[in-house]
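Student: Each chain, written out:
Number of protein chains: 2
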Amino acid sequence: MEEIRVGVLGGGQLGRMMSIAGHNIDIEVIPLDPKGILSPAGQVSISAITGSFKDGNKINELVKKLYRPGDEEKKVKRVITVEIEHVNCDAIESIELKDVEIYPSIKTLRIIQDKYKQKKHMRESCLDIPMSDFDEIKSIEEGKIFGERYGYPYMLKACRGAYDGKGNYVVKDEKDIKNGLGFLNTKYVYAESWCDYEKEIAVMILRSREGLIKAYPVVEFTSKNSICRTTLCPANLSEEMNSRAVEIGKNVVKSLPNGAVGVFGVELFAMRNGEILYNEVAPRPHNSGHYTIEACGCSQFESHLRAVAGLSLPKDISLRVGVSMMINTLGLKAKEEFMRLLDIEGASGHWYGKEELRVGRKMGHVTICSNDVKTLRNNLLIVKDVLND
Amino acid sequence: MEEIRVGVLGGGQLGRMMSIAGHNIDIEVIPLDPKGILSPAGQVSISAITGSFKDGNKINELVKKLYRPGDEEKKVKRVITVEIEHVNCDAIESIELKDVEIYPSIKTLRIIQDKYKQKKHMRESCLDIPMSDFDEIKSIEEGKIFGERYGYPYMLKACRGAYDGKGNYVVKDEKDIKNGLGFLNTKYVYAESWCDYEKEIAVMILRSREGLIKAYPVVEFTSKNSICRTTLCPANLSEEMNSRAVEIGKNVVKSLPNGAVGVFGVELFAMRNGEILYNEVAPRPHNSGHYTIEACGCSQFESHLRAVAGLSLPKDISLRVGVSMMINTLGLKAKEEFMRLLDIEGASGHWYGKEELRVGRKMGHVTICSNDVKTLRNNLLIVKDVLND
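The listed protein sequences correspond, in order, to chains F and H.
As numbered in the numbering used here, residues 12 to 400 make up the first sequence, in order.
As numbered in the numbering used here, residues 12 to 400 make up the second sequence, in order.
No wet-lab data here; the hints were simulated from the structure.
Careful, some of the hints might be misleading.
[Said to hold, decoys possible] Simulated pairs of lysine-lysine, PhoX-like, Cα-Cα distance not exceeding 25 Å:
#: 1; chain 1: F; residue 1: Lys326; chain 2: H; residue 2: Lys346
#: 2; chain 1: F; residue 1: Lys344; chain 2: H; residue 2: Lys85
#: 3; chain 1: F; residue 1: Lys85; chain 2: H; residue 2: Lys365
#: 4; chain 1: F; residue 1: Lys86; chain 2: H; residue 2: Lys346
#: 5; chain 1: H; residue 1: Lys395; chain 2: F; residue 2: Lys326
#: 6; chain 1: F; residue 1: Lys346; chain 2: H; residue 2: Lys46
#: 7; chain 1: H; residue 1: Lys46; chain 2: F; residue 2: Lys85
#: 8; chain 1: F; residue 1: Lys46; chain 2: H; residue 2: Lys76
#: 9; chain 1: H; residue 1: Lys46; chain 2: F; residue 2: Lys76
#: 10; chain 1: F; residue 1: Lys85; chain 2: H; residue 2: Lys373
#: 11; chain 1: H; residue 1: Lys395; chain 2: F; residue 2: Lys365
#: 12; chain 1: H; residue 1: Lys326; chain 2: F; residue 2: Lys395
#: 13; chain 1: F; residue 1: Lys365; chain 2: H; residue 2: Lys344
#: 14; chain 1: F; residue 1: Lys210; chain 2: F; residue 2: Lys183
#: 15; chain 1: H; residue 1: Lys85; chain 2: F; residue 2: Lys326
#: 16; chain 1: F; residue 1: Lys86; chain 2: H; residue 2: Lys88
#: 17; chain 1: F; residue 1: Lys344; chain 2: H; residue 2: Lys344
#: 18; chain 1: F; residue 1: Lys85; chain 2: H; residue 2: Lys344
#: 19; chain 1: F; residue 1: Lys326; chain 2: H; residue 2: Lys344
Model, not experiment: these values are computed from the prediction.
Start from the sequences, fold in the hints, and give me the full structure.
Tutor: What follows is the structure in structure tokens.
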């Protein structure tokens, strides 16, 4: 049988859960992370490379690690994938990859890692992907024009390197534009017209090397300081809005190049008028898909590995419990909260093993599965104070 | 918050799944195994000790590994547990353990690791634990007396060191006794009268440090060459037989000393007349409890760790899918079989990462969850040849 080795750029919690999923189906995951074998992913992996996933030399080292003495005598499949989209695409392209394949492809990563380019790509695709108005902002003047055209408040966002709400600024009025441009600390920014959504939702889309596309169930999620706090699946949406979300999610991934292989976390806005608008996409397992570990036929992490490694996609990625809620445990009190949540009926914990507690940092999450929403609400009563926090 | 470190004697697949469960709830698992960090458990652990779990010096090294510089400044809980009962109890007792606790206790292990002593213990307890007749056999003469009293065939079993059917011999008739005694290759053997059961069933029993006892759902299982091949949960039993199995399972664990803490795999016979008879118990997670990872509110591995570490027991260990079947993938063709099983709807794989394929060796398992038995049977049609093998 074939051996499969997957190098992962990044070794955080996504890489950790990917590595565990890999062990389970005999795919060896090797993370590249500044903390090496002490990173969240490194701790659960057979080996790791210590270094930055932006450092070409280190990426080269990771590629070399996929080759071993004795490989001539067996069939080995070698893949590089990512747990974060902000990798150094130029560096990767400069490396001699021999038979190592990269999924999602560099072309896909380049489109997604630049949020402005990403949105333009979606708008210009011939596919049905509705979204709010947006434009690049190169000066206060352009910011004013945007405000006049689409109204205040609006969002000002850094085009590159942003995640978990970092690199976002709410422009309240004309006078606030200067503050926004200063706050973002980069010249390459764009504005998005205000989206007065009812709730934020997300759908994990899975694409195989052959272009087969599958969708996980839609979740709704809440955020605190722009960091995901909870997800609920199934999302409380009309059947129509639910199908629309899946349709748009699939269109987003269809619009990407053929090399867009793996799991894609598509974030959407559910509007009060019933519309669904596109927000953004991540080319990897996503926080809003953590619930899939316990709640679905196959987790997003295993699905991602199967897709990038060219195995068949899992047959069943539907919800196999009545309802599931995921709660991120963040910041300095994360461990206390984690232990309390673990005591809830139907709770499963995932601690990330990060050395250092930091304000707002994702330290772990707990997923609670119940037969129905009423039971879930009841089970959650003992942590009411945590959830209201 | 308290740090929890658990040293595990043994580093096979049970230790591996225990270590992954540990990561998820922030319990550090450190296995002791001849293959060290390359053992199934070592591969997924932050560190491991290389050596035999029967070697006192190595156990001592494991104990020392539970202490680290800087520990004075924090609260640390240190525990030793087992993934196999055939450990060296004398060696463990000779080690200075300081504040390291051992669960299940040595007293418990001593009772269980000697099958004859184990059965006598159960028979002599004042609890209701029905079982077949048995007696120690010191000579061919005693073997004949046993045969005359209880009939042929009967089972001849090695009292110590036996598992997965190793150390069992079916005595066909009087003339066969000599062969049996020779085959078992030890003088310390006992006979059990023949149990013409309808099916073999098992129940995982969980006991906390405080003596709280909980039971997982009952499973039925099939064996091939005395090695577990499949488990099915829920077992196809009358409600009465099912409750009786749980009752006996709980009695078995109740009969053990107070230090009997953790998960206990109780194997039982479901007789054609509706009776349930006790067969044997393992003081650790058990092959017939693997299904709990996907199918129950909390896996046997996490439950075991929570119990031995003195955390609260999980609130929900009930079945949260309609039905689940676990299939062991054994021997030289294990990987091919594993990949095929993985393709079934609702399948989750657990590959053990063992370096070497060997005939009959447990290389991995796949658990298939479905809404109902009919769907399960349908889903299994594509691997009919595997299951009939």
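Student: Hints first: check each against the structure and report whether it holds.
Tutor: Verification of the hints:
1. Lys326(F) / Lys346(H): The given pair, whose Cα atoms are some 19 Å apart, holds under the 25 Å limit.
2. Lys344(F) / Lys85(H): holds, 16 Å
3. Lys85(F) / Lys365(H): holds, 17 Å
4. Lys86(F) / Lys346(H): holds, 14 Å
5. Lys395(H) / Lys326(F): holds, 18 Å
6. Lys346(F) / Lys46(H): violated, 33 Å
7. Lys46(H) / Lys85(F): holds, 23 Å
8. Lys46(F) / Lys76(H): holds, 22 Å
9. Lys46(H) / Lys76(F): holds, 22 Å
10. Lys85(F) / Lys373(H): With a Cα-Cα distance of about 23 Å, the restraint between Lys85(F) and Lys373(H) holds, given a limit of 25 Å.
11. Lys395(H) / Lys365(F): Roughly 45 Å between the alpha carbons, so the hint for Lys395(H) and Lys365(F) is violated.
12. Lys326(H) / Lys395(F): Distance ~18 Å between Lys326(H) and Lys395(F) Cα, so the pair holds.
13. Lys365(F) / Lys344(H): It is violated: about 39 Å lies between the C-alpha atoms, which goes past 25 Å.
14. Lys210(F) / Lys183(F): Holds, at roughly 21 Å.
15. Lys85(H) / Lys326(F): violated, 47 Å
16. Lys86(F) / Lys88(H): Violated. Lys86(F) to Lys88(H) sits at ~45 Å, over the 25 Å cutoff.
17. Lys344(F) / Lys344(H): Between Lys344(F) and Lys344(H) the Cα gap is close to 49 Å, so the pair fails against 25 Å, i.e. violated.
18. Lys85(F) / Lys344(H): Holds, at about 16 Å.
19. Lys326(F) / Lys344(H): Holds - the C-alpha atoms of Lys344(H) and Lys326(F) are around 23 Å apart, at most 25 Å.
This entry does not satisfy hints 6, 11, 13, 15, 16 and 17, going by the numbered hints stated previously.
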